[in-house]
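Below, each chain spelled out in residue letters.
4 protein chains.
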Amino acid sequence: MLHFECDYTEGAHPAVIEKICSTNMEQTCGYANDRYCEDARSLIRQLVGIPDADVHFLVGGTQSNRTVISALLRPHQGVVAATTGHIAVHETGAVEASGHKVLTVHSADGKLKASDVKELVMAHYADADHEHCVQPGMVYVSFPTETGTLYSKKELEQLSGICCELGLPLFIDGARLGYGLMADGNDLTLPEIARMCDVFTIGGTKCGALFGEAVVFTGNALGRDFRYLIKQNGGMLAKGRLLGLQFLALLSDGIYFEISKRADRLAMKVRTALEAAGLELCSPCTTNQQFVYMPVPVLEKLEEKYVFSVAPCGREGWRLVRICTSWATTDDAVDALITDISACMEEKI
Amino acid sequence: MLHFECDYTEGAHPAVIEKICSTNMEQTCGYANDRYCEDARSLIRQLVGIPDADVHFLVGGTQSNRTVISALLRPHQGVVAATTGHIAVHETGAVEASGHKVLTVHSADGKLKASDVKELVMAHYADADHEHCVQPGMVYVSFPTETGTLYSKKELEQLSGICCELGLPLFIDGARLGYGLMADGNDLTLPEIARMCDVFTIGGTKCGALFGEAVVFTGNALGRDFRYLIKQNGGMLAKGRLLGLQFLALLSDGIYFEISKRADRLAMKVRTALEAAGLELCSPCTTNQQFVYMPVPVLEKLEEKYVFSVAPCGREGWRLVRICTSWATTDDAVDALITDISACMEEKI
Amino acid sequence: MLHFECDYTEGAHPAVIEKICSTNMEQTCGYANDRYCEDARSLIRQLVGIPDADVHFLVGGTQSNRTVISALLRPHQGVVAATTGHIAVHETGAVEASGHKVLTVHSADGKLKASDVKELVMAHYADADHEHCVQPGMVYVSFPTETGTLYSKKELEQLSGICCELGLPLFIDGARLGYGLMADGNDLTLPEIARMCDVFTIGGTKCGALFGEAVVFTGNALGRDFRYLIKQNGGMLAKGRLLGLQFLALLSDGIYFEISKRADRLAMKVRTALEAAGLELCSPCTTNQQFVYMPVPVLEKLEEKYVFSVAPCGREGWRLVRICTSWATTDDAVDALITDISACMEEKI
Amino acid sequence: MLHFECDYTEGAHPAVIEKICSTNMEQTCGYANDRYCEDARSLIRQLVGIPDADVHFLVGGTQSNRTVISALLRPHQGVVAATTGHIAVHETGAVEASGHKVLTVHSADGKLKASDVKELVMAHYADADHEHCVQPGMVYVSFPTETGTLYSKKELEQLSGICCELGLPLFIDGARLGYGLMADGNDLTLPEIARMCDVFTIGGTKCGALFGEAVVFTGNALGRDFRYLIKQNGGMLAKGRLLGLQFLALLSDGIYFEISKRADRLAMKVRTALEAAGLELCSPCTTNQQFVYMPVPVLEKLEEKYVFSVAPCGREGWRLVRICTSWATTDDAVDALITDISACMEEKI
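Chains as they are written, first to last, in UniProt numbering: chain G, 1 to 349; chain D, 1 to 349; chain C, 1 to 349; chain X, 1 to 349.
Isolated chain G (complex conformation) (with noise of 0.2 Å):
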């Protein structure tokens, strides 16, 4: 079988493993005050032009997610999000385990608007009894989002300076940032990502390593006692400077950025395989998962073969399917697919 359904089936890339082998066993201090983890923050600090920003490696996503947003808020606040946003759909509630609830506002896109941010702490204090609702705290974002779209660079300043004019801190998950920085027609880059937001994420999980996520925060008072956050949360490795190690692989010679484009342009011939057959894509989306609405028996053909994220979509015999590509896809796995795509829906019709 081959894996489509999501962008960590592998391990790391080669530079990682290499990384982590070659410094086995040396001896450094624990919980990521080790050189390497102080190497990787010096080195991220200057990809995202922030002299003093304040750099903390986690383990996963959720553990970075409800780590950052417990960090920002205070017990009556909430975090407002795209209903798609992963924070309100598939971290089991990790934010309301923290206390918090978490404001939705509908997306067609997976994209939230500033003009509905704007909205939504308007109609807020609007509200006579505004202290029987949750305030509006800060603001949660994915880069790319969850259906795989991407904020323009026009878009997210104008969010940033919603944001910045209200007052709500501006959370940037980038699980998958290498993949949205690096796809077709993307024009942001990593600093002005950096720049126009209180706290971002670089993954790494999903983009080359084995596991790890670096937590930015741009300026630094909100960062204050981020420490003894990881540890409450449960996500301080003994080990830290495994994490160092990795975003120093991956990071160093560009490899983070290589293998990001590479998964872009092999997600890109997927879609354009898909156009070509005919298929219905879902979002406008030029990163490393694309989602299609797939017949079911196309779809049961083509997992005779190979594995997708499969959702239903509110078609009647009609699926809704993630094909998501990595820093470890290969173009024969990519071209068998394509030619197997094209065939199953030739057959059907």
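Careful: at least some of the hints might be erroneous.
Since the list gives no way to pick one copy over another, a pair counts as held whenever it fits inside one copy or between any two copies.
With a straight-line Cα cutoff of 20 Å, these simulated EDC-like cross-link-like pairs (lysine to aspartate or glutamate) come out [stated by the list, open to error]: (1) Lys305 x Glu5; (2) Lys305 x Glu26; (3) Lys113 x Glu155; (4) Lys118 x Glu316; (5) Lys113 x Glu346.
It is worth saying that the hints were derived from the structure and are not from the lab.
Once you've looked at the hints, dock chains D, C and X against the given chain G.
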């Protein structure tokens, strides 16, 4: 100014006040372990027709809701509610502060449909990654709902049946239970409501008491150790007898039901006048809350003499206005309001 | 039976009852936004000598404590308290349920020493792995303490000074504040107490009210958005005016202080009798609670007519007995008790 | 510098590294649902002698502890632990952040006595106001303890018996389980430990893995829905196979036990040298951690070449020093240390 904005603008029904005054200098033990609370518990068990119902007294509604919900759920579970449910909107995230997500279901009329609950639960378990989502752990409904509507016996039976089938405890928030039971067209009795759910509240605050909600567990197991939870949630009243006394005053001679019936009747008088004046009512509501769309000039004119609850309604130049009656509303006040509504509307035309 | 087990066995002082009765049919807005609450706030600001103090009214003590503490701490912080502190022992883990550890300091007399607080904080930061430990985030003391003792002006000044130096807000739980202020030998005034802390409570429940605690933030910033937190913690009373009315009744003409003084005097009368009978008092206490070691036979004899609070005390055949007076205790009851104590002790000998 | 401050200064045992490398490009599904995790679960079930044990893999110890504890307790319950217990001291209040109090029992040697647990629980229910106190809901012990000591079979049987009698689940934190099982004088086997508790962990991080703890529920019911809780607590590793692979590498051929035994032996070599040099050891410890009191000048001299964990010890001029060995400690390093300890102590004299 005459107040119609809610059903808690006055103190308590005279019988309640009398009971508190006449017992004031008696000595009793605290924390609702006194004989008045014991008597009130017995009386409630008798009225609901469940000899071993587990009855507790708390001060307020949000307190009762958060305490009951946190008693019933495990950490990874959420409570299913209508989008308009009080716990979803007007409790400043008390449920989330206890660690749980409110799993909302869209509802046009404030009611949760049995089929919607079933669909939500089925969809949860159908998801291969359901462990990444909050598990539905119980169901919350209000009777009457927050929009003044009522479940019919058939609707509640279906909901109760589905909850039973799915193993989800059903919690009925009866903050305005009296107004629901005594409403025109209601076909449910108190014992029937008790029989169809696992826990419900009998609201005192809005139905004649100074404050107080009775929480009734209809089986014994779910309420285990509930007094610990009351204390932890800040709901253990030191002079707990005040709660027992009030429920005795209201329930002993049927005052609770009489005053609720009268308030419903007055609300229907207002409703009839609103309809006669050509205004559109928002829901087919026979309880003490009436929701009506009003043009701003009419509203402003009326607000010179009356206080209402006002919310935006999505129509330019219109507002959604809530008009409440209560045990304390006078016929004179209602007559004055009716006359003025009619006058304002005519003037406008 | 005559009750001496606590200070909340009766209802409320007649002035409180009168105020509630005389205003019963008035219409006011809810949630402590009415004019009575406004007046009570003004009066309290005047009495504590801080014109812009931020004053809130809650129903009970545990509720007030958990709400204040959760308002002041970030998630990784704990509250420093004596091992005997109410929040450490008798609130069913309400502080922990809000996510925070109570960092206890052993105390023989129920008081927290300035030096102990400093030592605890210094030790925390001296630990290289302090991020693995809960950060001290505020200090909680009770006045009077749970064992009936009082901070002297000098002691409270030192504690206040250390808290200020360490950047830790100081919270004084005044559930029995009246009894403390009016006790023999107390050298602190209400404005002094207010000036030496960041937030404190004026207890109503145990000092003449049916229920109610006033929470006073002496600066403005710490109480920001406190009403959201009151609501979330289930402490927002719908008919909030009941709280304002009670504090007005008690504080307008000094009743609060008079009745507290009288209760203290009666307690000292009991204390003198206990000492005269040869019993050992547990602490040098001049407030309304007296703690005495009693041989079991004496206790059992007295318990035929009186109710006390009884705890084991580590001595075979003895018990630790709490005897409380209150605003409602009569001279006759105290005289009877004194006579019987003396008789029981003589008989025993 | 040679590191002896903890047992996680290196990466992983070569067998672990080899396993990760050799499987790196394989495709598997995520979240520990892959075949390697399945195999590791089977192997663990076999080793612990419970065919239907419910086995889960998490990344770290604090994460495992908070997840297990929040899975077992209801909101009003606390976990009983020794004052020195890891959850009581070094997890930044993770248990409290999950809403629960740690009910500590003083312990001179890090161990919880059966009689102490019984006494605490009896005292709880003997209190008339026990509903105002946190209810003991489970018991937590570490094997070995945080001070390096071990429960004998008899001690653990007694503790297990009491827990069973009181209806309290017993949780054994085995972060250093290997070092405990292989220690001189230990009379407990892995199946015996499993049989005597409800849930325990097999620590990987400190015993040869890069990271990873296996959580073993010995009965089936308590672990129900545990995967939801893992996800919510941020412990669900996307590339979960990394955990299965590591436990397979360590447990398949007994490496876990061999390396633990060797580390224990080296620690005892250090202990013997410390004693020979006339230093006082802090506890009768036969595992890989040795705690010794050292005069500051000796410590400072040694710190020129070695890294230890150092804490104040209440004696002027002395420190409490922890010296750890691990699977990675070399004989050469230990020999050098021994020689230098002896030399420093002689020099001092």
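Point to revise | Those earlier numbered hints the structure runs against, lowest number first | key: 5
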